[in-house]
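Per the working numbering, the sequence shown runs over residues 1 to 116.
Just so you know, the hints here were simulated from the structure itself, not pulled from any lab data. Among the clues, some could well be false.
Cβ-Cβ distance ranges computed for the label pairs, FRET-style [said to hold, decoys possible]:
hint, residue 1, residue 2, range
1, PRO107, ILE51, 22 to 32 Å
2, ALA45, MET20, 18 to 28 Å
3, LEU67, ALA95, 37 to 47 Å
4, ALA45, LEU111, 18 to 28 Å
5, ASP96, ARG22, 31 to 41 Å
6, CYS8, PHE85, 19 to 29 Å
Glycine included, C-beta positions come from ideal geometry on N, C-alpha and C.
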Amino acid sequence: MELVYAVCVGFMSTCGIFLMLRGHTFTLVIGLTLLSYAVNLFLFASGGLTIGAPAVLSSSENYADPLPQALVLTAIVIGFAMTAFAVILAMRGRADLGSDHVDGIEPFDPLAEDKS
């Protein structure tokens, strides 16, 4: 179970970083969101993966740690605010520069000139 969880977090992190390195603002926002989801899963797993255990102390000795759950809830709210800000920033950049590229300059494509 832990191996599958770790592979999923690693795959999400890798995809998020790959998307962040692309040249378009939309893929940057998607990459940031995917990376924040991977961090949320990592924080959640840091409390230990216990199945069927209560979240708070009760009469049983086996319980789930509530601190990572609180950290994940806080990270979800911060991630949502960050995503909303990045989307607004991308929309403003697209409106001002007229381009979806991160640096605002269209990359040179030698094949585009040959077609005309």
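_In rising order, the numbers of the hints this structure does not comply with_ = 1, 4, 5
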